[in-house]
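Protein chains in written order, with our numbering: chain A, 1 to 263; chain B, 264 to 405.
In case anyone wonders, no lab produced these hints; they're calculated from the structure. All residues carry an ideal CB built from backbone N, CA and C; glycine is no exception. Incorrect hints may appear among the rest.
Pulled from the structure, derived: some chain A residues nowhere near chain B, Cβ distances all over 10 Å [what the hints assert, rightly or not]:
#1 VAL4
#2 ASN33
#3 PHE151
Within a straight-line C-alpha distance of at most 20 Å, the following computed DMTMM-like cross-link-like pairs (lysine to aspartate or glutamate) qualify [to be verified]:
#4 A:LYS32 / B:ASP323
#5 A:LYS32 / B:GLU317
#6 A:LYS32 / B:GLU329
#7 A:LYS223 / A:ASP46
#8 A:LYS32 / A:GLU221
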Amino acid sequence: MMGVAAAVVGVRAAAPVSAGWADLAYSFGGGKNIVNVALVDIRAWDTMGEISVLIAAATGVASLIFIRRRTGAPPRIPVDVYAAEPDARDDDPSNDDRPLGPRAWLLAGRTLPPENRSIILEVTVRLLFHTAIIVSLYLLFAGHNRPGGGFAGGLVVGLALIGRYLAGGRYELGEALPVDAGVVLGLGLMIAVGTGVVGLVLGGEVLQSVIWQWSLPVFGEVKLVTSLFFDIGVYLVVVGLLLDVLRSLGAEVDRQRIEADQL
Amino acid sequence: MSVNVVLIVAVGVLFGTGVYLLMERSLTRVLLGFVLVGNGVNLLILHMGGPAGEAPIIADGVAASEMNDPLPQALILTAIVITFGVTAFILAMIYRSWRLAHGDLVVDDVDDRRVASGAGSPEEADGEVEAQPADTEFEGLR
C-alpha cells in the first residue's frame, strides 16, 4: 500500500473533475464552502445513498440488540425512584409535582448508584449541553458558506447526547431526547427525499436547488438555497443514527446487564 | 514533485496492522482491524488528492487553483460516516454473539466444509441436530 500511495501522486494524467467546482459551487449551488455544496448539491445522489446506508445500519444495530421490540423512545425516569427518595423533591411543597428541584444538575443523576456518579462530569455536561446544541445549529446553517454542514452539526448533537448518557446513565438519555430514534431517522430521510421530489414536481431535475433572495427589514439581504433542506435531512439522519446507537448499545445493553445481574 | 512521506508511512502502518487484525478469528479484533483499514483508506484518498493547498472555501484573495481538491474531502466525509455506521453494526454483532454463545470467535462452519467437499447434506451425515447450549437467552423462549 505504501508503494501505491507513493506512486499514485505522480500518475494523474487527466484534469481533476473538480476543476470547475469553485465557480459552479457559487453560481449554481449558492454556497462558498465547496465541500459542503458538493455533498448537498453537486453529489447529492451520493449523499442520498449514504444516508440510506446509515438508516439500514441503525436499524440493523437496533434489531441485533433489542430482542422483542425495537420501537419507542428511550426509557424515562421511573416514578418510584422519587417515591423512594423523598429528599429528592424540592423543599417548596408547591413544587411537589415536579420530580426534582433546581438543585439537581442532571435529571437522572439520582437513578445511578452513588459510587457511579461524578459530580464534576454532571456539572460539566449540564453547562455544556445547551451550548453544544446551539453550536450544532450554527454549524448546520453556516455550513453552506463556512466550515460546517449537516454531518458536522449532527455529530455535535450526538456528542452532547453521549455526554448526557455518560454522566446520567440510561434514563438521562430518555430525558434529554424523549423521541423514538426511528422517527428522527425517518423524518430526516423524508425531508431529504422530499427536497428531491419537489424539484421534480416543479419541473426541474431531481435534487435541483433553487436560490431565493429577498430583503427583510431587520436582517437585511437574506439568501436561502433550497439544498439547506436537504442538509437538514442529513442532520436529522445523523442525529437519529447516534440516538439509535446510544439507546441500543448504551441504554438497552445496560438494562439487559442489570436484568442478568438480578437473575 | 514532492511526496509527503509521513502520510505514506501512516497509510502503510494503518494498512499493515489493520489487515493483520482482519485476519484474526475474534470479531473484536476484526472490528479494530476494520477501523484501522478504514482510516488508512481515508488517508490514502486524502493523499491522492494532491499537494496541500488552501481550504476549498471561496474567499477574497484565494484563487481556485490554490485550493485543495474538494472532491477527496467530500469522499472522505462520506466514508467516515459510513465507517461509523458499519462499526456500530459490527459492535452490535459482537454483543449478540456474546449473548448467544459467550464468545466472539468466528469458527469454521463444519457443515459448510462438508457440503463443499461433496459429502452430502449435513442432515444425512449425522442424522441429528446438536442441542443448543443451555445458558443462552433462547432457553426460556423454546
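For the pair we were handed, LYS32 of chain A and ASP323 of chain B, check the Cα-Cα distance against 20 Å. Answer holds: LYS32 of chain A to ASP323 of chain B is near 11 Å, not above 20 Å.
Is LYS32 of chain A close enough to GLU317 of chain B, meaning Cα to Cα at most 20 Å? holds (13 Å)
Hint consistency between LYS32 of chain A and GLU329 of chain B [alpha-carbon to alpha-carbon, up to 20 Å]: holds (15 Å)
Taking only the CA atoms, is the gap from LYS223 of chain A to ASP46 of chain A under or equal to 20 Å? violated (25 Å)
Is it the case that ASN33 of chain A keeps its Cβ farther than 10 Å from each residue Cβ in chain B? violated (5 Å)
Are all C-beta atoms of chain B more than 10 Å from that of PHE151 of chain A? For PHE151 of chain A, whose nearest Cβ neighbour in chain B is about 6 Å away, the distance does not exceed 10 Å, so it is violated.
Closest CB of chain B to the CB of VAL4 of chain A still more than 10 Å away: Label violated. Min Cβ-Cβ 8 Å, cutoff 10 Å.
Compare the distance between the alpha carbons of LYS32 of chain A and GLU221 of chain A with 20 Å, and conclude whether the hinted pair is satisfied. Distance ~16 Å between LYS32 of chain A and GLU221 of chain A Cα, so the pair holds.
Violation of the numbered hints given earlier is confined to hints 1, 2, 3 and 7; the remaining hints are satisfied by the structure.
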